[in-house]
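Engineer: One-letter residues, chain by chain:
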Amino acid sequence: MIRTVLVANRGEIARRVFRACRRLGLRTVAVHSEADRDAPHVRDADLAVAIGPPPARESYLDIGRIVEAARRSGADAVHPGYGFLSEDWRFAEACRRAGLVFVGPTPDALRTMGDKTEARRLMAAAGVPVVPGSPGTVADVGEAERVAKDVGYPIILKAAAGGGGIGLARVASARDLSTAFTTAARRAQAAFGRGDLYLERLLERPRHVEVQVFADAAGTLVHLGERECSLQRRHQKLVEESPAPNLPPATRQGLARAALAGARAVGYVNAGTIEFLVDAAGAFYFLEMNARLQVEHPVTEEATGLDLVVEQLRVAGGERLAWRQEDIVARRAAIECRVYAEDPARGFLPSPGTIERLELPAGEGIRVESGVEAGSLVPVHYDPLLFKLVASGTTRAEAVERLAAALDRCVVEGVRTTLPLLRRVLASRELREGRVHTQMIEQGAFNA
Amino acid sequence: MPEEIKAHITGVVFEIAATPGARVAAGDPVIVLESMKMEIPVEAPRDGAVKEILVREGQTVQEGDVVALLE
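As you go down the protein sequences, you meet chains A and B in turn.
Just so you know, we're using my numbering here: the first sequence kicks off at 1 and counts up by one.
Just so you know, we're using my numbering here: the second sequence kicks off at 449 and counts up by one.
Excised from the complex, chain A in its bound form (with noise of 0.2 Å):
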């Protein structure tokens, strides 16, 4: 029985991690660094503790102290939202070893699902479908060049460590090779603190469709349909929706059959994403799993009508999943997309600040998730986003039209942000006809 919940996270999602803790009448402990004193994410707990300086490393990242913040406060679980420590073995480790329910994966699962070549070669043995490419790191330059001539070029770079866009690089000839190799080992030392590289052949215009699954502790295992992701800048999503539009019946069912076979070998608990790659026959392949709750989890709640944070809580408790998949149904279309702090006419730099005005939507078939409020204070030392905004319809057409209209309500003033782009992006026709790919948003597809 779980009590009392610490969120290790910030902005919006310890917000929603929160509410759902009040749904299931659980105390919340928020924890914070010196430049959070006054987030809202901090007044929404019942309890707050701070956790030290600004920088993510020294505050968000330590896992002694949060453990020690939930030891203090007397937490008995801690849901680590998404990013900073959520995929880190070790900190679940931690976790269960100061007695405390993490809710997620097991340690061994995270291991096993960080480590992206162990990951690619579990999925392989499961039948899922994986990129051409190395079958684990490649050693140096010149196996490098073996692999790739084998799987053709253009090729992609992967830190094997990595995850979040972060330590690819694209290689569209063997000449650029060897130089590209070098820059990726260095920036994945730098990042990972691991330069280990594998590399994948680049497919071409793909779609980023990924599948959403669920699994108690008892071996119920399900999943709860797919969404499409595919706009993105720097590898990270701006839009996504559920169901994935124009998807041909094969390959939506390819893709959940795939899922759960994938989630059933790595012993999953909890909620989990397989995130895959669609090419324009509809083949699809395994990128990565996220042994997390995803930020587009709202619009998964927004088709099928169900909790997935509130689940999460009741299973890491100990109890059994209360879904079959025979009542998991998509009865809405559902589509969100993500307000960064960022300028898209400057190639999306960051654009810290103070928020000075904020207007947001509200009305039928609107949700907001918001991690700041007029006066809010946006930091340079964490992510950028600052709200999601999803809108559900009977229809795509009535979602796609619900969150155009709300684009358009919201009012940011202080910090520059994506909504411009945003809305060119609801207004076009690849949007609207479904048509999209993970490369539209860097060729300049939606530019002003």
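One should not assume that every hint holds.
Label-pair restraints from in silico Cβ distances [said to hold, decoys possible]:
1) A/A281 with B/A473: 33 to 39 Å
2) B/E451 with A/E364: 53 to 59 Å
3) B/E451 with A/G267: 56 to 62 Å
4) B/R494 with A/G267: 55 to 61 Å
5) A/S178 with B/A473: 16 to 22 Å
6) B/K499 with A/G267: 58 to 64 Å
7) A/A445 with B/R494: 40 to 46 Å
In short, the hints are calculated from the structure, not lab data.
Keep in mind the model is a prediction, meaning the values are calculated, not measured.
Glycine residues also receive a C-beta, built at the ideal position from the N, C-alpha and C atoms.
Following the hints, complete the assembly by docking chain B onto the known chain A.
Structural biologist: Just chain B now, kept in the frame of chain A:
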């Protein structure tokens, strides 16, 4: 007259990429800022030699602050 190199965004100095006296070409990173989980280089506006680095690693700089001098 040395030319001022200014930060084009607000961020924390992640890395000093060039040392005083070093020759740099236009577009070479002089310092690297970290802002909102991104590493963003502040580049030399033209060829020259770095006269002075005015910031240190870990320091927060505001958009428009002078971070280095080029001659």
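Engineer: Against each hint, give a clear statement of whether it holds in the structure.
Structural biologist: Going through the hints against the structure:
A hinted range of 33 to 39 Å is violated for the C-beta pair A/A281 and B/A473, which are about 45 Å apart. Distance hint for B/E451 and A/E364: a CB-CB separation of about 57 Å, consistent with the stated range 53 to 59 Å. Roughly 59 Å separates the CB atoms of B/E451 and A/G267, a value that falls within the hinted 56 to 62 Å. Judged by the Cβ atoms, the range 55 to 61 Å given for B/R494 and A/G267 holds: they are separated by roughly 58 Å.
Separated by about 21 Å at the C-beta atoms, A/S178 and B/A473 satisfy the suggested range of 16 to 22 Å. Distance hint check: the CB atoms of B/K499 and A/G267 are about 59 Å apart, consistent with the given range 58 to 64 Å. Our hint of 40 to 46 Å for A/A445 and B/R494 is violated, since their Cβ atoms are close to 33 Å apart.
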